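Asks: So you can see what is in the structure, the chains are spelled out below.
There are 4 protein chains.
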Amino acid sequence: MCNETKIAEIKDRVYQANRRLPEEGLVKLTWGNVSEIDRKLKIVVIKPSGVPYDELKPEDMVVCDLQGKTFEKPSLKPSSDLLTHLMLYQQFKDISAIVHTHPSHAVAWAQSGREVPVYGTTHADTFYGDIPCTRQLLEAEVQTEYEENTGKVIIECFKEKEICPQAIPGILVFSHGPFTFGATPEKAVENMIVLDEICQLAKATEELNGNTVRTPQYLLDKHYYRKHGKTAYYGQ
Amino acid sequence: MCNETKIAEIKDRVYQANRRLPEEGLVKLTWGNVSEIDRKLKIVVIKPSGVPYDELKPEDMVVCDLQGKTFEKPSLKPSSDLLTHLMLYQQFKDISAIVHTHPSHAVAWAQSGREVPVYGTTHADTFYGDIPCTRQLLEAEVQTEYEENTGKVIIECFKEKEICPQAIPGILVFSHGPFTFGATPEKAVENMIVLDEICQLAKATEELNGNTVRTPQYLLDKHYYRKHGKTAYYGQ
Amino acid sequence: MCNETKIAEIKDRVYQANRRLPEEGLVKLTWGNVSEIDRKLKIVVIKPSGVPYDELKPEDMVVCDLQGKTFEKPSLKPSSDLLTHLMLYQQFKDISAIVHTHPSHAVAWAQSGREVPVYGTTHADTFYGDIPCTRQLLEAEVQTEYEENTGKVIIECFKEKEICPQAIPGILVFSHGPFTFGATPEKAVENMIVLDEICQLAKATEELNGNTVRTPQYLLDKHYYRKHGKTAYYGQ
Amino acid sequence: MCNETKIAEIKDRVYQANRRLPEEGLVKLTWGNVSEIDRKLKIVVIKPSGVPYDELKPEDMVVCDLQGKTFEKPSLKPSSDLLTHLMLYQQFKDISAIVHTHPSHAVAWAQSGREVPVYGTTHADTFYGDIPCTRQLLEAEVQTEYEENTGKVIIECFKEKEICPQAIPGILVFSHGPFTFGATPEKAVENMIVLDEICQLAKATEELNGNTVRTPQYLLDKHYYRKHGKTAYYGQ
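Line by line, the protein sequences are chains A, B, C and D.
Residue 708 is where the first sequence starts when you use my numbering, and the numbers rise one by one after that.
Residue 708 is where the second sequence starts when you use my numbering, and the numbers rise one by one after that.
Residue 708 is where the third sequence starts when you use my numbering, and the numbers rise one by one after that.
Residue 708 is where the fourth sequence starts when you use my numbering, and the numbers rise one by one after that.
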């Protein structure tokens with residue numbers, strides 16, 4: 708396949724995934740973006756900045772190199788979060804798509820600065836463990852290279868907890884909101900749907916004040932591994 | 708009626724009921740399934756595994772024998788929860804349809820491990836008593852024959868509480884989510900709509916912190932029996 | 708206008724109001740009904756029992772005399788709540804329409820057995836004071852003539868509090884749900900929309916745990932009387 | 708451009724903004740209104756009083772002078788909140804549009820009498836600091852010139868806190884609800900969308916009971932100033 712066709716296909720996938728954000732109730736106004744990397748072509752395709760979702764067209768998707776320089780001229784401006792995406796793609800070699808948006812339940816957890824504990828199999832089906840929450844960025848990290856540093860605290864958090872985006876394809880940035888990852892834009896959006904839903908479930912579970920117990924490790928293992936990896940037999 | 712026509716009708720009912728799950732807000736992604744048993748034909752018809760609801764077609768519904776072996780070749784793979792359904796059909800001779808899905812309010816109660824108390828007539832109209840919640844499955848029950856064992860803890864819970872699915876057509880599986888039953892797929896879906904709604908109502912009732920009292924037995928009797936059994940006179 | 712035309716118009720108003728219940732999110736399944744009385748013709752027109760909202764037709768609306776006997780033959784069965792409506796029409800001479808349904812926020816308050824305090828002008832615009840909640844019905848009142856007795860505890864509650872449905876066009880029945888009143892079916896439905904919304908607002912207001920104060924009487928007076936009565940100047 | 712064309716354009720903008728209120732879930736029944744001022748023409752255009760949103764037409768928008776006298780004859784009656792709008796336009800010279808409505812989350816905060824603290828970047832992107840809440844109006848202020856006095860307590864609150872509508876384009880009126888401001892009706896509606904959303908987020912954040920911390924000033928500065936003012940680089 709020639710590169711032009713390939714790029715058009717990536718643009719279309721990124722466009723479809725961005726359009727799905729408001730349809731799934733994951734975004735208000737222009738508060739979200741999806742990107743995809745092609746590591747062979749060394750490009751990232753991302754939503755343009757400030758364009759309302761219902762005015763987006765596939766050809767509006769912005770193509771950049773891995774330093775964030777746009778390829779095509781003229782080009783719309785890429786999403787301001789591009790530099791965070793690039794930082795994450797550089798570190799996490801196995802992911803091909805990233806979603807950042809501001810859905811209500813996940814943002815509330817991010818604002819509370821708490822990890823989301825595993826309280827049930829809905830969580831375990833997609834995330835193999837608690838959803839982490841980064842530390843607060845320091846003043847210097849905010850004042851200079853803020854978007855890159857947002858990527859850096861995400862990477863730092865994954866390292867410190869010794870987890871990886873394949874097993875835990877999402878994270879909360881303290882005071883800000885969630886990022887999710889996937890092998891495709893579609894999968895990364897689905898992971899955001901799940902993340903927001905389990906944030907809602909976890910809050911309600913705690914509020915019910917019952918025998919709230921963390922899901923036992925053996926149940927987490929079962930639900931995760933019947934959907935993921937070599938022994939998967941669920942919904943395939 | 709010849710068997711083929713009969714099976715086509717069952718497939719259509721199961722298809723319609725599955726399509727209703729997202730319409731009623733009872734499901735995200737592919738997180739739910741509906742089945743129907745025909746005890747004379749000795750078959751169960753169930754949603755195929757992993758197919759999005761908006762791509763489902765009536766002919767996609769999977770026909771199995773009572774051990775879970777698919778009849779038609781080629782066939783889509785049946786829902787992974789099939790073995791739980793089969794276990795329940797074997798034990799509960801009076802039910803003909805089962806729904807399992809992950810609606811937010813019912814899953815939150817399941818994750819809290821609590822029974823849902825009868826707090827009002829909306830509950831009493833459909834469920835003659837508290838909605839039970841199973842015990843947690845043991846490690847061994849999860850590691851081997853997990854889906855069958857999910858059915859077994861449901862059956863165990865009904866037995867221990869000396870209740871039956873005719874009077875209480877729904878249950879919560881601890882850490883997991885709800886199952887509902889019915890004489891038809893349509894009725895089982897309606898019972899899921901009611902179950903999720905009364906889970907929402909019960910949580911809000913407790914949060915209002917008022918004179919929250921369990922509904923008196925005589926009011927439970929009145930509302931249940933004006934809709935069910937020989938003395939029913941409501942909405943018929 | 709001949710009576711037949713008049714009855715057709717009433718049926719159409721009652722039909723429109725019933726159809727609006729699911730559109731406004733005030734009802735699930737068949738859990739609600741609207742009626743209108745014509746005191747000259749001595750008839751009440753009400754939703755038929757057990758018919759789904761999307762299958763309703765204007766001509767399905769059931770016409771009864773003031774004892775609840777259906778006029779037209781053949782006729783669908785009137786809503787089981789008819790006898791409650793009749794009891795209320797007999798007592799409250801100034802109302803012409805009644806709505807009973809099970810919206811989530813109002814039912815939660817009804818189940819908690821609490822009155823809804825006036826916490827703001829959204830409440831004061833429509834209800835001149837707290838929304839009352841009846842006492843629990845006694846066992847004997849439930850076992851015999853339950854629907855009539857539901858009407859009786861509503862009437863008793865209005866009397867004891869020395870309020871009237873003109874100023875407070877809605878009430879909660881303990882363990883059950885809300886009834887609202889109006890000069891037309893449309894107005895009674897609007898009062899149900901308001902009642903459910905202020906139930907939601909009042910719960911959230913209490914949860915915010917702030918300087919929650921009951922709205923001062925002078926603000927209640929201002930908001931109520933700028934919309935109602937001889938001095939009204941708002942939205943007319 | 709002749710004045711007539713200019714007025715028709717303002718009417719259309721005000722109409723579009725009013726229609727968006729129910730689409731965005733910011734309003735029930737007729738509980739909201741949008742206006743725009745043209746300071747050269749010395750006119751304010753506002754929603755007519757009591758007209759349902761789905762019956763509105765652009766030509767229905769009411770044109771008044773700065774004392775609130777309608778220009779065109781015949782004219783629909785302007786929204787009863789007009790005098791509040793006029794008071795605010797007179798004081799705040801830099802705003803050109805005002806929205807008042809009753810969305811659930813913002814009204815709950817208004818009823819609680821609390822300011823909305825900055826708990827995250829979703830807030831900081833649009834509001835440079837806590838959302839203020841006015842004092843309660845006194846009895847005399849309610850009984851006479853209520854609508855003007857509503858404007859006055861808003862102005863008093865901005866003055867006492869030494870903030871301005873450019874940086875904090877919204878406020879809560881105690882016991883009542885929110886007002887938002889903007890350079891255009893569209894922008895003022897967007898500010899209401901944001902205000903209601905951050906009210907929802909702030910409540911949930913507090914309920915999660917975690918390490919809830921106010922967003923540090925340097926993060927507030929960063930998010931606000933990357934979207935506003937001379938150094939803005941976000942979504943432009």
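Hints are not guaranteed to be accurate.
Stated by the list, open to error - Lysine-lysine pairs mimicking BS3-like chemistry, simulated, CA-CA at most 30 angstroms apart:
hint : chain 1 : residue 1 : chain 2 : residue 2
1    : D       : 764       : A       : 735
2    : B       : 934       : C       : 735
3    : B       : 929       : C       : 784
4    : C       : 929       : D       : 776
5    : C       : 735       : D       : 735
6    : C       : 894       : D       : 784
7    : A       : 937       : B       : 934
Said to hold, decoys possible - Just a sample of chain D residues kept apart from chain C, beta carbon distances all over 12 angstroms, derived:
hint : residue
8    : 719
9    : 747
10   : 756
11   : 764
12   : 784
13   : 801
14   : 816
15   : 844
16   : 882
17   : 894
Since the hints were made in silico from the structure, they are not lab data.
The model shown is predicted, which means the values in this text are computed figures rather than measured ones.
Even glycine gets a Cβ: it sits at the ideal position worked out from N, Cα and C.
Asks: Run every hint past the structure and note whether it holds.
Replies: Results of checking the hints against the structure:
1. 764(D) with 735(A): The hint holds at about 26 angstroms.
2. 934(B) with 735(C): The hint holds at about 16 angstroms.
3. 929(B) with 784(C): holds (20 angstroms)
4. 929(C) with 776(D): Distance of about 23 angstroms is within 30 angstroms: holds.
5. 735(C) with 735(D): holds (19 angstroms)
6. 894(C) with 784(D): Holds: residue 894(C) and residue 784(D) sit about 21 angstroms apart, inside 30 angstroms.
7. 937(A) with 934(B): violated (50 angstroms)
8. 719: Nearest chain C Cβ is 23 angstroms from residue 719(D), so the label holds.
9. 747: holds (31 angstroms)
10. 756: Per Cβ check, residue 756(D) is inside 12 angstroms of chain C; nearest 5 angstroms; violated.
11. 764: Its Cβ never comes within 12 angstroms of chain C, the nearest being 18 angstroms, so this holds.
12. 784: Residue 784(D) not clear of chain C: closest Cβ-Cβ about 7 angstroms, inside 12 angstroms.
13. 801: It holds; residue 801(D) is separated from chain C by about 28 angstroms at its closest Cβ, greater than 12 angstroms.
14. 816: violated (6 angstroms)
15. 844: violated (7 angstroms)
16. 882: violated (5 angstroms)
17. 894: holds (25 angstroms)
Taken one by one, the earlier hints fail for this structure at numbers 7, 10, 12, 14, 15 and 16, listed in ascending order.
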